[in-house]
Each structure stands twice: as structure tokens, then as C-alpha cells.
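Asks: So the number in my numbering is just where the residue sits in the sequence shown, counting from 1, plus 770.
Just to be clear, a hint being listed does not mean it is correct.
[Unchecked claim] List of simulated lysine to aspartate or glutamate pairs, EDC-like, C-alpha gap at most 20 Å:
id : residue 1 : residue 2
1  : K870      : E1039
2  : K870      : D939
3  : K808      : E798
4  : K1035     : D939
5  : K874      : D911
6  : K874      : E976
7  : K964      : D948
No lab work stands behind these hints: they were computed from the structure. On a predicted model such as this, the values are computed, not experimentally measured, just so you know.
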Amino acid sequence: MPPRFVWPNVSEKNDGANRDATKRSARERLLAERERQKKKDKRRRTLIVSAAVVGVLGLAAVVGLIAANTGKGDKSAKAGPVAAPSGATGKDALAIQTGKPEAKSTLTVWEDFRCPACKAFEDNYRATVHDLEARGLLKVDYHLVTLIDGNMTGTGSLKAANAAACAQDAGKFPAYHDVLFQNQPQEADDAYGKNPRLLELAGKVEGLDTPAFRSCVDSGTHNSWVAKSHEAFRAGKFRGTPSVLLNGKDIFADQAHPLTPQKLKEAVEAAAKGNGGAAANPKGTGSPSASPSPSASPSGKSSSSSLSSSSSSSSSAPVSGSRAGGGGPAKAGAAED
């Protein structure tokens, strides 16, 4: 009997083909879904980055506005008429002078009680300055500014300066000035923005903690005067704090040969003897280095605490300062916030 022909199982072939097609379709759908997800993630990341950039720019604009308007928009600083502290001197009575008025040499210092570099300057030069003042050879004109309040936010610069002006009213400015720098908080810590802390430190100065002093501090009697002093600082286009000039010359103009405390002593002694202050030149020849021309006015950008050097520099090293208007550390001397 001849073998019987068996027709192929068409149904089984179709099922296999369908399964293959189904697998390919599933893979294709998976690939397509992955591509859609990648595009979706990319769009999401782009939106996040864009939002972050906008946020940072917005924050920078706000902080910059705060820094640019330090001493301008603060109602507490502008409240009431300008009340200069007792004995204030100089143009518009914006300086507090220590030492004997007849001294032949004048050290002009622009300082912020929150500025770490100002503390470094004070720590390095304090003994020399006090010695020269006691000998009647040097007088110091202190100008108080609020650079760090604008750069780091807060009110510590303003309130400490007002308290120092109140101490001037009581005839205790030199001692309280030193106490504020000796107890300076970290730059980012606005401890001096709290009156109780300022009053507590007044207890370290004999005879200062009186009802009159407390009232002056609590009411911000000299806030407007401090604001006007800061405006003068801005108008002077100084690079930062501290800015220090001896008889009108920037003591840190020559960074390679800065005026050390010893050289400051020699320069002041030479001026007292009528030698023209030749020793003010760190190199030992000629006249003191002239102050460089002022930099452009402050940009209004914010400055962080890292912008100032809080470590005490050696007596022979230049002092880094808080840059006016933001940026990195500025060399102490010739220019503004």
C-alpha cells in the first residue's frame, strides 16, 4: 500500500510565525519605550538645570542688590538725622580720632568690626600703634563701615559700629574698639547683630556699661552716622577692608615690600624728627610708595566669608582684606567695598 501524503501542519507554522512576530513586536515596543523614556528624562534634566540656573541668577541678583545697597535701604540705618559721636572729626565729622591731635603723622583706617582681615591688621599693629600714640607721634582716624553686612547679610557691622560710636560718647572708644576686635565672631556669625552681646562686651571696659551707653546702643543713636561713613567709603572707591593709609599713602601699595609694624614705627619716628618720613618706604629709599589709582566702583556682587582671610598674618606679611562689592580677598589699602 503506497505511503499516504501528509500535508504540513499550516496551523503550527502560523503559530510559530506569530510567536516570532509577537516577540519582535515586544522588543520593538520595549526599545521604543526606552527611547521615549530617555527623551523624557533628558527634557526633565534640562528643565531642572534651567530652573537651577534661573534660581542661582535670581539669588545672585538679590544678594548683589543687598550688597550694592548696604547702608542705603536699611531703614534702621537711615532713621532720624545724622548724629555724629562726640568729638568726631574730619570731613563731615565721619572719623573717630585717637592719639594726640598735634601728632605729625596720621594713620587713616577704614574698618569693619565683622571683617576677619581687619582683626588680623589690628592684632599685628595694635601694640605698635598704641605705643606711637602714647609717645605723641601718631594719631589715628578710624572710619567705620558695614561691608560685611552687605556681603554676608546681617546687621552686626552696623550695630557694632554704632556701639563703638556710643563708646566714643563715653570717652571709651579706644578700649571698646580693641575689645570688639579681640572678641570678633566668625565672619558668617552675625553675633554683633544682637545688642545683648555688644552690651556684654562693654562690661570688659571699665566704666562703659552705663544706662546712657545702653540707651545709645539699644536705640541705634548713631546708625545714620555709620551709614553715612559707609557711603563715604563707597565714594572713595576703596578695594576693601581694611584700607590703611599713613599720611595719605597706602601702606600696602607695594605688596612685595609691605610696611610692617617695625617699618611703620621707623617711618613715624622719622617724620617726627623732620626727616620727611623716608623710612616709610619699605625698600628704605625715596618717599613712600604712592597709593595706586582707585579701582572701579563696587560691582554690588555678594561676597562670602571665604573672601576674607581670618588667620593672623605675620608682622611682615601683607594683610588680606574683605573685597568691596564681592569677589576674592582684596589687598588691604587702596580701594572700596
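Asks: Determine for every hint whether it applies to the structure shown.
Replies: Taking the hints in turn, this is what the structure says about them:
Pair hint K870 plus E1039 holds up; C-alpha atoms about 15 Å apart against a cutoff of 20 Å. Distance restraint check for K870 and D939: the Cα-Cα separation of roughly 18 Å lies within the 20 Å cut-off, and the hinted pair is therefore satisfied. As the CA atoms of K808 and E798 are separated by approximately 15 Å, the hinted pair is consistent with the 20 Å bound. For the suggested pair K1035 and D939, the alpha carbons sit about 29 Å apart, so the restraint of at most 20 Å is broken.
Under the criterion of a C-alpha separation no larger than 20 Å, the hint pairing K874 with D911 is consistent with the structure, at around 13 Å. The suggested pairing of K874 with E976 is violated, with an alpha-carbon distance near 30 Å, which exceeds 20 Å. Proposed proximity of K964 and D948 is supported: the alpha carbons are some 18 Å apart, at most 20 Å.
When the structure is compared with the earlier hints, violations turn up for hints 4 and 6 and for no others.
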